[in-house]
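One line per chain: the protein sequences are A and B, in this order. Quick note on our numbering: the first sequence kicks off at 1 and runs consecutively. Quick note on our numbering: the second sequence kicks off at 1 and runs consecutively.
Don't read these hints as lab results, they were simulated from the structure. Be careful, since some hints might not be right.
To be verified - Below, in silico cross-link-like pairs of lysine-lysine (DSS-like), each with a Cα-Cα straight-line distance of 30 angstroms or less:
#1 LYS150(B) with LYS295(A)
#2 LYS295(A) with LYS344(B)
#3 LYS295(B) with LYS344(A)
Protein chains: 2
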Amino acid sequence: MPSADSALLTDLYQIAMLQAYHDHGMNDIAAFEFFVRKMPRTRNFLLAGGLEQVVEFLETLRFKDDELRWLAGCGTFRDDFVLSLADLRFTGDVYAMPEGTVFFPDEPILRIVAPIREAQLVETRVINLLQFQTMIASKAARVALAAPGKLLVDFGLRRAHGAEAGLLSARAGFVGGLTGTATVLAGKYWGIPLFGTMAHSYIQAHSSELEAFQHFARSLPDHCTFLIDTYDTEACAASLIPLVWQLASEGITVRGVRLDSGDLAQHARRVRSVLDEAGLRDMTIFASGNLDELKVRELAASAPIDGFGVGTSLCTSADAPSLDCAYKLQEYAGIPRRKRSEGKATWPGAKQVYRQRDGGDRFCSDLIATADEPQPGNPLLIPIMRGGRRAAPLPALGAIRDHAASQIAALPSPLRGLEPEASYPVRISDRLRDLADAMDAGEAVR
Amino acid sequence: MPSADSALLTDLYQIAMLQAYHDHGMNDIAAFEFFVRKMPRTRNFLLAGGLEQVVEFLETLRFKDDELRWLAGCGTFRDDFVLSLADLRFTGDVYAMPEGTVFFPDEPILRIVAPIREAQLVETRVINLLQFQTMIASKAARVALAAPGKLLVDFGLRRAHGAEAGLLSARAGFVGGLTGTATVLAGKYWGIPLFGTMAHSYIQAHSSELEAFQHFARSLPDHCTFLIDTYDTEACAASLIPLVWQLASEGITVRGVRLDSGDLAQHARRVRSVLDEAGLRDMTIFASGNLDELKVRELAASAPIDGFGVGTSLCTSADAPSLDCAYKLQEYAGIPRRKRSEGKATWPGAKQVYRQRDGGDRFCSDLIATADEPQPGNPLLIPIMRGGRRAAPLPALGAIRDHAASQIAALPSPLRGLEPEASYPVRISDRLRDLADAMDAGEAVR
Chain A
1 MPSADSALLT DLYQIAMLQA YHDHGMNDIA AFEFFVRKMP RTRNFLLAGG
51 LEQVVEFLET LRFKDDELRW LAGCGTFRDD FVLSLADLRF TGDVYAMPEG
101 TVFFPDEPIL RIVAPIREAQ LVETRVINLL QFQTMIASKA ARVALAAPGK
151 LLVDFGLRRA HGAEAGLLSA RAGFVGGLTG TATVLAGKYW GIPLFGTMAH
201 SYIQAHSSEL EAFQHFARSL PDHCTFLIDT YDTEACAASL IPLVWQLASE
251 GITVRGVRLD SGDLAQHARR VRSVLDEAGL RDMTIFASGN LDELKVRELA
301 ASAPIDGFGV GTSLCTSADA PSLDCAYKLQ EYAGIPRRKR SEGKATWPGA
351 KQVYRQRDGG DRFCSDLIAT ADEPQPGNPL LIPIMRGGRR AAPLPALGAI
401 RDHAASQIAA LPSPLRGLEP EASYPVRISD RLRDLADAMD AGEAVR
Chain B
1 MPSADSALLT DLYQIAMLQA YHDHGMNDIA AFEFFVRKMP RTRNFLLAGG
51 LEQVVEFLET LRFKDDELRW LAGCGTFRDD FVLSLADLRF TGDVYAMPEG
101 TVFFPDEPIL RIVAPIREAQ LVETRVINLL QFQTMIASKA ARVALAAPGK
151 LLVDFGLRRA HGAEAGLLSA RAGFVGGLTG TATVLAGKYW GIPLFGTMAH
201 SYIQAHSSEL EAFQHFARSL PDHCTFLIDT YDTEACAASL IPLVWQLASE
251 GITVRGVRLD SGDLAQHARR VRSVLDEAGL RDMTIFASGN LDELKVRELA
301 ASAPIDGFGV GTSLCTSADA PSLDCAYKLQ EYAGIPRRKR SEGKATWPGA
351 KQVYRQRDGG DRFCSDLIAT ADEPQPGNPL LIPIMRGGRR AAPLPALGAI
401 RDHAASQIAA LPSPLRGLEP EASYPVRISD RLRDLADAMD AGEAVR
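For reference, chain A alone in the conformation it holds in the complex:
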């Protein structure tokens, strides 16, 4: 499999445009911005995600020798241009909303200001990284809002779109409010808490469920959650009671059971009463199996379930598996630019977003302004990189998660519900509107 850190992880046209810029000596400073055009119908807010990976990508961007040789030999590019790529590094500035910040359509969450060849080349991967984690963190936030206080675990790796999607889902899911993940590598790399039980295959490989549980308990005494739906859920729940007491006498605490099929609410109620009647009130019930935030909300409200594994729907953002987002040139050589394609017009120039809070410290409206006009409220885009290097250390993942939680807590209450709500007010500053009008009237560069 090709390595994801290749500078060739981009669209062909990026490199073609670079050759045209190279040939005509164009490399003035460009400002590109990443923003979401439209809120998915089933989201009331978005959480910015993926910035750390963008910074890592920009810091390490370079063409390797074999990549340059391949470019020179592929028939599309000239040698003198390919040679010029050997020295290409990202030397620009980056401004962005910190990861975990709540944002809305049209608001830039990242601005790259760099010589145009650098800023253009990175477009594809920047979108690729920002879209995905933003999408997953925003989905995870809904899962967390659906079941406050419950154990919520990302089970998505197997149905994520490849390895990177699985890993970044675990990260973005944690940012959005999940408790942890089943993906071991995400635990090792980012320190995300790991959870896991056992598979049906493990049960099936044994001559009985009880034998399987017994083996597991003696082997992993601190991790005993038994999967009880392989054959008959309630029968299994009843039959494991003596084993649980037996293990307790050996000093092994069985934490709980997992349900993964059928009517989860009904099974949970029945299993709960079997456990309670046996005096096992501390044993928890964990549920999984095609859950999304709506099912989690319903189950959390109606059934004695203590935790949920959420997989496919989270890691693919199944109800909105992409964001209508873009990375657009807003300024070049000091002159604002505006794309005016039908239905895709952009607000021109480098921009800043200001957020106003009401007396109770709740967010009440945002203002998109030109980057250099002072406005009330805090600017949401802050310096992240200067001259190709980090302007300051990026926050740790736990701090990002806390930031996301406090951002969500500051949202107007209706936006924290799962049903579609009237959109949050985002205004455009007079100066920005005037600039767009002037450009449309041909008073600025076309």
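Using the hints provided, position chain B relative to the given structure of chain A.
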């Protein structure tokens, strides 16, 4: 970013189960099968994809020293078990349908027969790899069926779910029948034909569209497709005519134009007549912008468009962004196993799929049988690995693509349409049905 080739790219429970197997000396031969449970509503058939990446994964599976150290230190696993992982390699056999083979729900497309610790550990990544490319190849096949003979290019990298999804989309898209991709690294690594034009930012960075085109044409004379919708599509089409003739006089052929916004059919018709009236009948029109197979079909039938860029909808399989698929234990220590969870029961034992053709060589029905009962028709699962090594070289990507095309051509015609059709007949052999009944009756291992 963590590396995708880590043995820790798995769920925590896989490693937990391995410790239990280790402690109890369980490592008999297991047969696991991967299959899709249910056809997505908007698919009439599926194309098997991802086998090559599964084989690469299995061949190179091993725990690295730092991974073993981390496992030993993470608090969940015992040292003696972690030590045992140092020598773990995949030593098993793999049977599979070749990539590009058409298949249907319940049909295993891959069987892994190996000591259970190996076969269990690989579950997560095997599903992750097979699901994604199967899903994308199957989606791409629909795009290709929507517009036979048109140039069809994968534009999906930026909105794919991470790097690997973008790369594997390019590969699976090509298998499913697309002409090529914009993703450079996929071109370099797999030899997939590369296509690309220019971005709006490139146009906007210039003082005029004509200047931008002129620069591009002189810099990349063999790759001239001009993007004409940045400001006003028809005005741009009219204004570029003299430039096209001028470039022709310099020996530069402008191949065509790209439209990326608005009513693509209407713009294409207008632009076509502008070009035709100017005597530029050979110039092509390429369209992109939120296209899926249904829009492609409509545009191909109603507008003079020669090629299409398909991005988000393809690389996320937007209408069906996951497959209901599983990798299940079907046999252990020589005894068939059957999961009977509600709604998730499986056909037990190692299985084979036979396909019958009618007199005209069209597929007419499939039969799922136990692995060792002879049946009419060709067995679709063939040996891929033996004892952890390739049983034979895997086919090249072009051959896989040809195989997919001939498979699709052999489908009953209604299944090649884009509308949902009555499903293809897949039967279960008597012997397999008897085995399942016997197991349910408690005559086999529980």
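Okay, the hints, checked on the actual structure:
1. LYS150(B) with LYS295(A): violated (43 angstroms)
2. LYS295(A) with LYS344(B): With Cα atoms ~19 angstroms apart, LYS295(A) and LYS344(B) stay inside 30 angstroms; holds.
3. LYS295(B) with LYS344(A): holds (19 angstroms)
When each numbered hint is compared with the structure, a violation occurs for hint 1 only.
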